[in-house]
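Colleague: This is what each chain is made of:
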Amino acid sequence: MNTGKTMSMKEAISKFVNDGDTVYLAGFTHMIPFAAGHEIIRQGRKGLVLARATPDIIYDQMIAAGCAKKLMFSYAGNPGVGSLRCFRRAHEKGVPAPLEVEEYTHFGLSGRLFAGATNMPFLPMRTNLGSSLPPENEMMKTVTDPYTGDEVSVVPPLKPDVAVVHVQRADANGNSHIWGIIGEQKDTAFAAKRVVISAEEIVEESVIRSDPNRTLVPDFIVDAVVHEPWCAHPSYVQGYYDRDNEFYVDWDKITKEHEATLKYLDEWVFGVEDRAQYMKKVPQSKIDSLTPKPAYSAPVNFGSV
Amino acid sequence: MSDVSTTELMVIVAARELNDGESVLVGVGVPNLAANLAKRLHAPGLLMVYESGTVGSNPSRMPLSIGDPCLVSGAKSVCSMYEQFAYYLQGGRIDVGFLGGAQIDKYGNINSTVIGSYKTPKVRLPGSGGACDIASNVKRIIVITPHEKRRFVEKVDFLTSPGFIDGKEGWKKLKLQGGGPYAVITSLCTFKFDDATGEMTVVALHEGVTLEQVQENTPWEVKVAAELGRTPPPTQEEIETLRALDPDKIYLR
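Chains as they are written, first to last, in our numbering: chain W, 442 to 746; chain H, 4 to 256.
No wet-lab data here; the hints were simulated from the structure.
Treat each hint with caution, since some may be false.
Taking lysine-lysine and the DSS-like style, the derived pairs with C-alpha atoms no more than 30 angstroms apart in a straight line are [as the list claims (entries may be wrong)]:
#1 176(H) / 694(W)
#2 79(H) / 582(W)
#3 252(H) / 582(W)
#4 727(W) / 175(H)
#5 510(W) / 125(H)
#6 122(H) / 534(W)
#7 734(W) / 252(H)
#8 694(W) / 175(H)
#9 734(W) / 79(H)
#10 125(H) / 704(W)
#11 158(H) / 600(W)
#12 582(W) / 176(H)
#13 252(H) / 226(H)
#14 534(W) / 152(H)
#15 451(W) / 582(W)
#16 487(W) / 122(H)
#17 704(W) / 694(W)
Here chain H is said to cover these stretches of chain W; the calculated rule only asks that three of the stretch's residues, wherever they fall, bring their Cβ under 8 angstroms from a Cβ of chain H [said to hold, decoys possible]:
#18 546 to 552
#19 568 to 582
All of these numbers come straight from a predicted model, not from anything done at the bench.
C-beta atoms are modelled at their ideal positions from N, C-alpha and C, and glycine is treated no differently.
Given the sequences, and given the hints that come with them, work out the whole structure.
Modeller: In structure tokens form, the structure reads like this:
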């Protein structure tokens, strides 16, 4: 049964992302839904709280485009390259607009999502004590362990207004198979109030049901399903494409000045209608070089009675 | 061994600190090289765990970032980000963690968050990532850092990842399950930490380095071990194996 959730990225963002929302585009440096970020920029969303463990280039772009009022994160670098210059420009100099920060450790932020996904009142964890971070973030508190009397660090649940989770394959209702580095995808989907799935491939429900262990996100928590091949370019998708590392290195140069960053956005975000048009601008030789050779896992036997 | 770069030397010295059969939480870059070098030489049973949740990785290339699929292909297991921090790190299953940062003080406290004040930073750095979580939970923390005056400071501008705080006594009050800082490997020497006070102590000087040079580049009065050693020079095998790991010299500049 098709419940009518399939739509374009344009429709999904227009329907489910509002000004002022707390937005979580999932993916721990892998399967980052760049196409969703670009569509949010094109539709001119403002005042967003952008949450991600690793803001990566996508949030750098959204900050430069003026979408964000606050960044919630745990590691704000260009992974494997260096700084996120747009984030730094906004936070250090207020360009193009001042940016608040709400900062955690990786355990702290992924713990907030876990607590949000499982509706816990708060989550205790063995970290943060002795660090300068808790005094700078009023959401990080301590409680007395009722069993030992020791001081314990706690974080509150995070329930983003909307999450976009990119997956390798989903059926039309949003049952989603994910493999490789699974990051915070499942926790984000369960924690968020609204969930948009984007998928490299849309497959029959029978394909999903043939391997239910691989379904990290079930359809009944999904609001929209977008078929969006190459959604995560320039980041990676296991089995589908490699990281466009040249772009990650170039981003450091592109973003040296705010004006040059805007020029990039004009060409690659505002200058295209959607991801399909964006991919037409990427040379075929680049696409070929990013496409991995197949390497399949051994099949498993589910048996039949 | 004049043709060995300081980065190569630091990686080789760090690799020697890893023992066969241990589990190590690895970041991309220099720590990844140290772990892979140890695994290829004296520690074939080293279990490499990455922050992104891959366990028992055997990367076929230098990972481009912590989310590189090459950390997954051929690994023993992959789990979610939360599970990695909860089951492996907080679960007390990681022996060694590598950390780096912009500043370090004599108790091994590390700053990777801001230079200047937090609210109005002079330089905003990437932040903790998993560093504070790693520092709080692994049995031994190893730091690899160039020995520069701006990095070794009396007091870190921001304490991102706890070392021994203001000394071993203060650290004990936090009741962290980890063992705290174990070694700091610099371009000049190897420091370990005094059992009683938790203070950084020079235990070995690299070839051609004098104590005066270490002191000149360290703003506090440097403590020296009773038996000060010399770092054994890198062997040909260490150098060749290391260079083969990073043929494009992405990290081995």
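Colleague: Does each hint hold? Answer for all of them.
Modeller: Hints versus structure:
Of the pairs offered as hints, the one joining residue 176(H) and residue 694(W) is violated, with about 46 angstroms between alpha carbons and a cut-off of 30 angstroms exceeded. Of the supplied pair hints, the one linking residue 79(H) and residue 582(W) is violated, its CA atoms being roughly 36 angstroms apart against a limit of 30 angstroms. Among the hinted pairs, residue 252(H) with residue 582(W) is inconsistent with the structure: their alpha-carbon atoms are about 44 angstroms apart, more than 30 angstroms. For the hint linking residue 727(W) to residue 175(H), the alpha-carbon distance of about 54 angstroms lies beyond 30 angstroms, and the restraint is violated.
Between residue 510(W) and residue 125(H) the CA atoms are separated by roughly 21 angstroms; this keeps the pair inside 30 angstroms, and the hint holds. Distance hint between residue 122(H) and residue 534(W) is fulfilled; the C-alpha atoms sit about 12 angstroms from each other, no more than 30 angstroms. Between residue 734(W) and residue 252(H) the CA atoms are separated by roughly 25 angstroms; this keeps the pair inside 30 angstroms, and the hint holds. For the suggested pair residue 694(W) and residue 175(H), the alpha carbons sit about 45 angstroms apart, so the restraint of at most 30 angstroms is broken.
Distance hint between residue 734(W) and residue 79(H) is fulfilled; the C-alpha atoms sit about 21 angstroms from each other, no more than 30 angstroms. Of the supplied pair hints, the one linking residue 125(H) and residue 704(W) holds, its CA atoms being roughly 27 angstroms apart against a limit of 30 angstroms. With a C-alpha separation of about 37 angstroms, the suggested pairing of residue 158(H) with residue 600(W) is violated against the 30 angstroms cut-off. For a cut-off of 30 angstroms, the pair hint linking residue 582(W) to residue 176(H) stands: about 18 angstroms separates their Cα positions.
For the hint linking residue 252(H) to residue 226(H), the alpha-carbon distance of about 35 angstroms lies beyond 30 angstroms, and the restraint is violated. With a C-alpha separation of about 27 angstroms, the suggested pair residue 534(W) and residue 152(H) falls inside the 30 angstroms cut-off, and the hint holds. Distance check on the hinted pair: residue 451(W) and residue 582(W) sit about 39 angstroms apart at the alpha-carbon level, beyond 30 angstroms; violated. For the given pair, residue 487(W) sits about 23 angstroms from residue 122(H) by alpha-carbon distance, which is consistent with the 30 angstroms threshold.
Distance hint between residue 704(W) and residue 694(W) is fulfilled; the C-alpha atoms sit about 13 angstroms from each other, no more than 30 angstroms. Residue count for the segment 546 to 552 of chain W with a Cβ under 8 angstroms from a Cβ of chain H: 6. That meets the three needed, and the coverage hint holds. Counting residues of the segment 568 to 582 of chain W whose beta carbon lies closer than 8 angstroms to any beta carbon of chain H gives 8, which meets the minimum of three for the stated coverage.
In this structure, the hints that do not hold are numbers 1, 2, 3, 4, 8, 11, 13, 15, in rising order.
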